[in-house]
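Keeping their order, the protein sequence lines are chains A and B.
The first sequence: position 195 = 194 (numbering that gives the first Met the number 0), numbered continuously.
The second sequence: position 277 = 276 (numbering that gives the first Met the number 0), numbered continuously.
Since the hints were derived computationally from the structure, they do not count as laboratory data.
Treat the hints with care, as some may be off.
[Claimed, not checked] Derived SDA-like pairs (lysine to any residue); straight-line CA-CA distance at most 20 Å:
(1) Lys352(B) - Leu401(B)
(2) Lys65(A) - Glu408(B)
(3) Lys178(B) - Glu150(A)
(4) Lys282(B) - Ala442(B)
(5) Lys169(A) - Asp331(B)
(6) Lys178(B) - Lys221(A)
(7) Lys72(B) - Lys27(B)
(8) Lys283(B) - Glu127(A)
(9) Lys169(A) - Glu150(A)
(10) Lys102(B) - Ile91(B)
(11) Lys145(B) - Glu111(A)
(12) Lys178(B) - His188(B)
(13) Lys145(B) - Gly120(A)
(14) Lys178(B) - Asn86(A)
(15) Lys530(B) - Arg486(B)
(16) Lys679(B) - Glu625(B)
(17) Lys470(B) - Asn515(B)
(18) Lys65(A) - Lys614(B)
Just so it is clear, the structure is predicted and the values come from calculations on it, not from any experiment.
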Amino acid sequence: MNFQEVYFRLQSFWSRQDCVIQQPYDIEVGAGTMNPATALRVLGPEPYRVAYVEPSRRPSDGRYGKNPNRLQHYYQYQVIIKPAPANIQELYIESLASLGIDPNEHDIRFVEDDWENPSTGAWGLGWEVWLDGMEITQFTYFQQLGGLDMENVPAEITYGLERIAMYVQKVDNVYDLEWAGKVTYGDVHLQGEIEHSHYNFEIADTDMLFKLFNMYEAEAGKILDKGFVLPAYDYVLKSSHTFNLLDARNAISVTERTGYISRVRALACRCAAAYRKQREDMHFPLMDKFVNEPGAFFEEE
Amino acid sequence: MAIKNVLLEIGTEEIPSRFIPDALATLKKNAEASFASNRLEFHDAKTYATPRRLVLLVTQVSDAQTEQAEMFKGPPITTAYDENGEPTRAAIGFAKSKGLEVKDLTEIEINGVRYAAAEVKQESKPALEVLPEIMTGLIASLNFPKSMYWDNSGVRFARPIRWIVALAEDKVIPFTYGKVSSGRVTTGHRFMGHKTIEVASASEFLDELYDNNVILDQEKRLQKMRTSIANIQNELEGSLEVEMDAKILEENLYLVEFPVPFAGSFDKKYLEIPEEVLTTSMKKNQKYLAVRNRDKGGKLANFFIGVSNNSVADMSIIREGNERVLRARLEDAAFFWNEDRKIPLASYVDRLKSVTYQEKLGSVFDKVMLTRKLALWFCEKYGMNDIESLVDRAAYLSKADLVTSMVFEFPDLQGVMGREYAKCSGEDKRVALALHEQYLPQAAGGKTPTDDVGAILGLAERVHIITACHKVGLEPTGSQDPYALRRAARCINEILFARKYNFDINEAVNKSCEINEVDEATREKILEFIKQRLHVQLKERGFEHELAMLGISVVGNVPYQALKLIETLDKVRGSEWFNALVSSAVRVKNILLKNAPKEAEANIDEALMTVEAEKDLYHEVTRLDEPVKKALEIYDWEGLTKMLAELSPVVAKFFDDVMVMDKDEKVRNNRLALLTECNKLFREVGDLSVMA
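Let the sequences and hints guide you as you build the complete structure.
Following this line, the structure appears as C-alpha cells:
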C-alpha cells in the first residue's frame, strides 16, 4: 500500500462515518489540532464530525534529512468526532483494519498519554496507540480548549501517516516510503527537509521574526476588537508558527518562552470565547446537521 | 440466607496502568467500609483489575441488613412521669420525637439516675434494595491522579466507563451511573474474546472472562507472565538472564488482559552505547525487560522481553514490529552518542552560559561556578586537600552534559552521560564517577556516593541551591517546592550519614551565605530549614520526636553525630538509671525555674554542705565537668552515657536525702547554686527533661 493509498483509505473510512472531509488549512500549523476545523469546532454544544490531512510544521524537529524518523514537516491525519460515541475505540480499530492492519494479527494497545498544548490553552486525556510497540496514533478526549471546558466532549484521533505507512510498507527510513508508483517520500520531501532545516536553524532572520510576531499579535487583537473571529484566529496561527521558528533559532531563552507562550494563549483564549459567543448568537446552526450515529456496523460474531 | 457473591464490574476504556494498584486498594477498603456501615455482613471483599475493568467481588453477603436497635436517653423518670405514674408532656414529646408511642418507652439508669428511654429499631431492608446505592457510592468514591469527562452526564472517571455489571449472585443490582445502566453483559478480551457476554451469575464471572481470554485475577496474570518469561529464558543461551524489574512487570501487568511475553533482539553494535541509555529506551519508552549475561558480570545482552496483549498465530509479526521500534530508538541514541563525543565534555561548559537556571539566579554556568567555590571550601575545611584538584575539575564539569543532545532527548540520563562523556574525554576516573554520584541518592534510601569527590560535589551543590533559592524567595511554601529544596536538604543529611562525615552544616551554610551575600535573617531561616529536615529524617529512622529533638539540641549542626548520639541514647533509654536521671533532670529544672539563684549567690561553698549526699553530688558534678565537655568535643557518646550512668544515682540520692529549700537562706542558696551547676552539666547533654 503506497503512501497516498493510506490517506485515501482513511478518507473513505471516515467519510462513511458521516465525517465532513475537509482539507488542510492554508496557514502553517504545528498540528492538525490547530486547524480551526478542530480548534474552533470543538467549542460549544454543536456536534461536528470532520477528518482531514494536515501538513504539520515543527521547525525544531528538522534533521537536515539525515534522521530516518524525524521531520520538520510531516503529515497528520486528523479526526474529530463530537460528541464522542461510546464505540469510538472500536471505530478507530476498524479504521486500522481498513488499512490492512488486522487487529487479530497484531498487538494493538492504548497506552496512557495525556495531551496538552499550552499555547492554545488546551488539554485532554487519552492514549498513544501502539501497533506492535510503535506509536501510530494519538487518541484524546478533549477536556479544555482556549481555556473553555468542553460542553460536548469530542474524541480526537490523530494518525501519524508516515509511521503507519512505514509499518505497512516495512521500511526503516521515511524517505524510502513509496508515495505513488516509483516516486518516494524522499523524492517529494527530502530537499525540503534539508533546506528548511538550514532555514529554521541557521538562516531565519530573528529580528524580522520578532517584528512579525509583534505585528501578528497586534493584528489578531485588532481584528478581535472589531468582533471578527476567523481572520483573528489566522493571525494567532501565524504568531504561533513565528514563535516556533524563533524557538528553533534558540532566539528565546527558557524564561522568555513562557512569556511568549502565554501571549499566544491569551489570543487563542479570546478567539475561543468570541467563537463560542458568535455561534450562540447564530443559534448554533449545526445543532441537528449530524443525524446518523457513526459506526452502525458494530458486529457480533 | 446469604448471597454467595456480589459482583461489581466497572467496564472502562484503558485505564492508565499506574493508576490501578491504588484504585484496587481503595475499592477494597471503601467496599468493606460501605458494606459494614450499611449493615450488610459479608465474608470477604476482593478486588481485581485489568486495563479495561475494575472489579469487586464480595462473598457471603447477608441477604438483608442486620437489625439494629439504638437506645436514646430521655428525660429523668422523675420529670417523665407524675406522682401517679402517668406520663408527663415531657415524656410524650420525647416518645413522639423518636417515632414511638409513650407506652413503648423504657428505662435506663446512668450514674444512678433513672431516665426514660426510647429503643429505636432500624429496619432491616433486603440487600438488593440497598446494594444499588452502595454500588453507585463505590464508583463515585474512586479518585484518580487525573480524571475526565467523556459525556455531558457530569460524572468523572480515569477513562470513560462503557459498561457496568452488577450482580447479587444471579440477580442484577439495578442502577445507573452517568449514562451507563448496570446489567449482566460484559465484554471479553478486545481481540480474543466475545464482544458481549451474558453473565449468568456472579460466581461464574471469573470463569466466563477466563474463557474469553481475560485473566482477571492479577495474581494469576502475573504468575502466567512469570512462567512464560521463565520459559523464554530457558530457550535463550544458558548464561542469559531476564532482569525481573518489579516496576516494569507491574506496569505490564496492568497493560494487558492476557499476557503474552515474547523475546526480541537488537544488533550487538548498539551494546557499545552506555547501558543506561539502552535500558532507558527499553524500559521507559517501550516497557521492555532487559536481558543480562550472567557470565559477563551481568552485562547487558542484545535481547529484550516485551509483553503482548494478544496471542496471535504468527508472533514473529509482533516481535519484528517491536524490534523495528527499538531499532529506531537505538539508532537515535547511537546518533546522539556519536555526535556528542565529537568534542570533549569540557567544551560544553561554556554553553551553560546561555542556559538560564532561574531568572533571578542567572545561568547554569553561574550556578556551577558558585558551587565550585563552596566545594573547594569543603576540601580545605575538612582536610581533603588530596582531592582538591579532582573536586575542582568535577565541579567545573558538573553540568556540562546538560547541553548534550543525549540529555536533551533523555533528561533522566543527566549525570550518567556526564560520567560516560568524561571517561571518553580522558578525564580522571574519580572525576567521571563524581559527575554521576553528585546526584545520589536519587530516592529516599537510594544509593549514596561511593567516593568523596562526588559526595563533596553533591553536598556543595545542594547547600548552594538551598542558599540561593532562599536568597531570592524561592523557598518551599506548603506543598509547593518547585526547586525541590526539601529533597536537597534531605540528601545533604543522607550523604553525611552515609559517608560518616563530621561536617558542621552551620559552617557550610555560613560559607555559602558569604559566597551568595545572603543576609543574617535568611541565614537563620536556612539553618532552621535544614534542621527541620534532619528532625523528620531522624523520626523516619524510628526515633521518637523527643529523642530526635534531644539529638538536634546537642549536636544538630553535625547531623551525622546527632544520629550517632541518639542511636546511643536509644539503647539506654528505658533503663532504670536513665529514667531516674530524666526524672532528676525534671526536678532540677522545675526547682530552678521557681527559685533561680541570684548571680551573686551563685558561688558554691563546700563548707555550707551538711549532708553527705550533697557533698557527693558536688564532687561528682565537679569531677564530671571536664570529661563531659571532652566527650562532647570528641563525640564520644559511649563515654558520655557511661558518665551519665554514674551521675544518675548520685543525683537521685541527693533528692532522697537533701531538702533543698532549707530554712537557712545561706544553705538554701548554696544548694540552689549546686543544682545550677548540675543543671549546666545536664544542659550540655541536651534538655534531658524532654525525655520525661
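Outcome of the hint check:
This hinted pair checks out: Lys352(B) and Leu401(B) have alpha carbons roughly 12 Å apart, not beyond 20 Å. A distance of roughly 17 Å separates the Cα atoms of Lys65(A) and Glu408(B); the hinted pair therefore holds under the 20 Å criterion. Restraint check for Lys178(B) and Glu150(A): satisfied, since their Cα atoms lie roughly 16 Å apart, inside the 20 Å limit. At roughly 18 Å between alpha-carbon atoms, Lys282(B) and Ala442(B) fall within 20 Å of each other, so this suggested pair holds.
For the proposed pair Lys169(A) and Asp331(B), the alpha carbon gap of about 18 Å is at most 20 Å, so the pair holds. Taking the CA atoms of Lys178(B) and Lys221(A), the gap is about 44 Å. The hint is violated against a cut of 20 Å. For the suggested pair Lys72(B) and Lys27(B), the alpha carbons sit about 37 Å apart, so the restraint of at most 20 Å is broken. With a CA separation close to 14 Å, the supplied pair Lys283(B) and Glu127(A) stays within the 20 Å bound.
In summary, the hint linking Lys169(A) to Glu150(A) is not supported, as the alpha carbons are separated by about 42 Å, beyond the 20 Å threshold. Simply put, Lys102(B) and Ile91(B) have alpha-carbon atoms about 9 Å apart, close enough for the 20 Å limit, and the pair holds. Simply put, Lys145(B) and Glu111(A) have alpha-carbon atoms about 11 Å apart, close enough for the 20 Å limit, and the pair holds. Only pairs whose Cα atoms come within 20 Å are accepted, and Lys178(B) paired with His188(B) is rejected, the gap being roughly 23 Å.
Of the pairs offered as hints, the one joining Lys145(B) and Gly120(A) holds, with about 17 Å between alpha carbons and a cut-off of 20 Å not exceeded. For the hint linking Lys178(B) to Asn86(A), the alpha-carbon distance of about 14 Å falls within 20 Å, and the restraint holds. Distance restraint check for Lys530(B) and Arg486(B): the Cα-Cα separation of roughly 13 Å lies within the 20 Å cut-off, and the hinted pair is therefore satisfied. Under the criterion of a C-alpha separation no larger than 20 Å, the hint pairing Lys679(B) with Glu625(B) is consistent with the structure, at around 12 Å.
Of the supplied pair hints, the one linking Lys470(B) and Asn515(B) holds, its CA atoms being roughly 8 Å apart against a limit of 20 Å. At roughly 92 Å between alpha-carbon atoms, Lys65(A) and Lys614(B) are farther apart than 20 Å, so this suggested pair is violated.
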